[in-house]
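Protein sequences, first through last, are from chains D and Z.
When we follow my numbering, the leftmost residue of the first sequence carries the number 1, and every step to the right adds one.
When we follow my numbering, the leftmost residue of the second sequence carries the number 1, and every step to the right adds one.
Warning: the hint list may mix true and false statements.
To be verified - Selected chain Z positions facing chain D (in silico; Cβ < 8 Å):
| id | residue |
| --- | --- |
| 1 | Asn58 |
| 2 | Gln83 |
| 3 | Gly93 |
| 4 | Lys131 |
No wet-lab data here; the hints were simulated from the structure.
Ideal placement from N, C-alpha and C gives every residue a C-beta, glycine not left out.
Below, each chain spelled out in residue letters.
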Amino acid sequence: MNNSLTKQQRMAAAREKINHKPNIRNRRLVQSLAFTFLWIMGFTTIAVLIWIVGYVFVKGFPSINMEFLTTRPAGGFDGEGGISTTIVTTVYLVIFTLAIAAPLGIGAAIYFVEYANEGQTRNKIIRWLVKTARTGVEILAGVPSIIFGLFGFAIFVSYLKLGFSLLSAGLSGACLVLPVIIRTTEEALLAVPESYREGSLGLGATKWQTVTGVVLPAAIPGIVTGIVLSVGRIISETAIFWVTLGGSYRLPQNLLSSGRTLALHVYMLATETRAFDKAMGTSAILIIIIIILNLAINLSSKYFQKRLSGK
Amino acid sequence: MPSLLSNENLKINAQKFNLFYGDFQALKDINVDIPENAITSIIGPSGCGKSTFLRSINRMNELIPSVKTDGGIYLDDEDIYTQDVVELRKRVGMVFQRPNPFPKSIFDNVAYGPRAHGLKNKAVLEEIVEKSLTDSALWDEVKDNLNKSGLALSGGQQQRLCIARALAVEPEVILMDEPASALDPIATLKIEELIQNLKKEYTIVIVTHNMQQAARASDYTMVFNMHPDRSGYIIEYGKTSQIFTNPQEKITEDYISGRFG
Numbered sequence: 001m002n003n004s005l006t007k008q009q010r011m012a013a014a015r016e017k018i019n020h021k022p023n024i025r026n027r028r029l030v031q032s033l034a035f036t037f038l039w040i041m042g043f044t045t046i047a048v049l050i051w052i053v054g055y056v057f058v059k060g061f062p063s064i065n066m067e068f069l070t071t072r073p074a075g076g077f078d079g080e081g082g083i084s085t086t087i088v089t090t091v092y093l094v095i096f097t098l099a100i101a102a103p104l105g106i107g108a109a110i111y112f113v114e115y116a117n118e119g120q121t122r123n124k125i126i127r128w129l130v131k132t133a134r135t136g137v138e139i140l141a142g143v144p145s146i147i148f149g150l151f152g153f154a155i156f157v158s159y160l161k162l163g164f165s166l167l168s169a170g171l172s173g174a175c176l177v178l179p180v181i182i183r184t185t186e187e188a189l190l191a192v193p194e195s196y197r198e199g200s201l202g203l204g205a206t207k208w209q210t211v212t213g214v215v216l217p218a219a220i221p222g223i224v225t226g227i228v229l230s231v232g233r234i235i236s237e238t239a240i241f242w243v244t245l246g247g248s249y250r251l252p253q254n255l256l257s258s259g260r261t262l263a264l265h266v267y268m269l270a271t272e273t274r275a276f277d278k279a280m281g282t283s284a285i286l287i288i289i290i291i292i293l294n295l296a297i298n299l300s301s302k303y304f305q306k307r308l309s310g311k
Numbered sequence: 001m002p003s004l005l006s007n008e009n010l011k012i013n014a015q016k017f018n019l020f021y022g023d024f025q026a027l028k029d030i031n032v033d034i035p036e037n038a039i040t041s042i043i044g045p046s047g048c049g050k051s052t053f054l055r056s057i058n059r060m061n062e063l064i065p066s067v068k069t070d071g072g073i074y075l076d077d078e079d080i081y082t083q084d085v086v087e088l089r090k091r092v093g094m095v096f097q098r099p100n101p102f103p104k105s106i107f108d109n110v111a112y113g114p115r116a117h118g119l120k121n122k123a124v125l126e127e128i129v130e131k132s133l134t135d136s137a138l139w140d141e142v143k144d145n146l147n148k149s150g151l152a153l154s155g156g157q158q159q160r161l162c163i164a165r166a167l168a169v170e171p172e173v174i175l176m177d178e179p180a181s182a183l184d185p186i187a188t189l190k191i192e193e194l195i196q197n198l199k200k201e202y203t204i205v206i207v208t209h210n211m212q213q214a215a216r217a218s219d220y221t222m223v224f225n226m227h228p229d230r231s232g233y234i235i236e237y238g239k240t241s242q243i244f245t246n247p248q249e250k251i252t253e254d255y256i257s258g259r260f261g
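Using the sequences and the hints, build the whole thing.
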């Protein structure tokens with residue numbers, strides 16, 4: 001034990017050290033260097049993004065007009081015509097793919113989160129299956145889209161003889177976005193406070209009533225985000241649809257018709273024609289759609305947050 | 001443990017009840033009689049199984065996968081572990097430590113239980129909502145705002161909303177897990193008054209860390225303690241007046257006088 005005098009002296013020495021002027025200048029310098037460095041990194045990222053989007057818009061806008069939007073592509077080396085049928089095909093494909101993937105993915109996620117972990121699930125085989133399925137979802141989420149395309153080509157196009165069609169493309173696309181929907185839905189469900197479930201079960205509601213009455217409504221913002229992300233994915237993929245949807249620029253008549261999405265059209269214009277301006281015009285439209293989708297996510301999550309917090 | 005209830009009806013009764021989390025025994029040999037239309041408080045140091053026992057009465061403990069029980073808890077002489085859990089929880093309602101209203105309107109919060117049990121008639125639902133909110137002393141504060149979200153209420157109001165929600169399914173027993181621990185003193189007092197009024201119609205079992213609350217608000221008091229292996233047991237049980245004025249066990253005396261816990 002030191003006596004109080006030495007303690008005071010030591011405190012004074014420490015205080016002197018803290019007040020040491022050169023130290024604070026040094027720290028200020030490091031601080032401003034770090035700040036500048038981070039600022040440059042942030043600015044560079046944004047600048048590159050603006051450059052890309054700006055370039056596409058500047059090159060693309062001259063070819064965008066009502067005629068471009070409302071006539072169908074006419075083929076040829078000059079990539080004549082507009083993009084009307086590709087917009088329609090994109091919409092068809094998005095709707096059809098989600099009609100398959102959304103119920104499957106949301107259902108699977110509900111099972112994994114709400115039912116598979118339950119006390120009653122003590123059966124070892126079921127537990128093993130669930131674990132394998134969840135690992136499978138993780139792996140599928142990282143598989144390149146062309147692999148799904150090759151699978152779709154081998155199974156749906158060739159083996160099941162569905163040909164290059166909306167059906168083949170929709171089924172393959174569903175395989176592609178399924179992991180996205182499952183994972184975002186799982187995360188949304190896991191974020192629902194356990195106290196909601198306890199409150200509902202404590203009132204004598206069944207598991208199913210609890211899931212549909214309290215858990216799903218609270219998880220909807222997250223689930224909607226997953227769906228919109230999937231829409232973006234379907235709109236922007238090319239490789240997978242190149243080998244399953246074919247590339248016909250005619251308007252699809254039924255589920256067995258071939259077709260061409262916007263992104264696929266960009267790819268074909270760029271590789272098979274010299275209509276670079278039209279590829280850029282189509283790209284600009286694509287980017288605008290993606291921006292609108294992102295705004296939709298923001299708006300909907302703000303809306304749901306408001307509704308859930310009750311303010 | 002011999003029955004302490006002379007002139008009251010038995011509502012809940014535990015016989016040699018044991019509960020395990022995996023290999024760990026959390027409750028050992030719980031034998032207890034809980035009387036009808038009375039307030040029974042459960043006190044004791046942290047981690048000795050008070051909440052676990054409370055949650056055993058409406059089988060909320062089953063939400064934890066590793067839980068195993070043996071022995072029995074009986075509600076009106078029927079073993080709760082062999083009856084339908086949904087039916088049981090309709091009869092034995094629960095109010096939790098933290099207010100947990102659903103992210104729905106005040107009306108929908110209270111109507112949730114009756115709706116889950118199949119009631120659709122709007123007029124009847126409105127009547128139940130009004131009665132439940134009146135019984136939980138919240139009606140006057142919210143009657144003009146039934147469409148407002150339950151989450152927009154203050155903490156104390158939220159807890160009374162949760163009590164109204166529990167009352168709406170007309171349970172026989174209400175379990176309360178430290179219902180006022182997250183509230184300020186005024187809101188706490190309101191909840192205590194409310195609990196006093198509820199005992200005319202309901203059997204109430206309440207876990208509390210607040211000695212004054214147990215002494216003020218309950219008719220019977222159950223004191224939990226821990227064995228050296230950390231399993232919980234009831235060290236003393238009796239009329240609240242007797243437990244607080246003339247405890248039979250040294251540990252009870254130390255605990256209620258704040259010397260440990």
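Each hint tested on the structure:
The restraint placing Asn58 of chain Z at the interface with chain D holds, with a minimum CB-CB distance near 7 Å, inside the 8 Å limit. A distance limit of 8 Å between C-beta atoms decides the matter here; for Gln83 of chain Z the minimum to chain D is near 12 Å, and the interface restraint is violated. Interface hint at Gly93 of chain Z: satisfied, since its Cβ lies 7 Å from the closest Cβ of chain D, which is below the 8 Å cut-off. With its C-beta approaching chain D no nearer than about 16 Å, Lys131 of chain Z sits outside the 8 Å limit, and its interface hint is violated.
Hint compliance for this structure: hints 2 and 4 are broken, all remaining hints hold.
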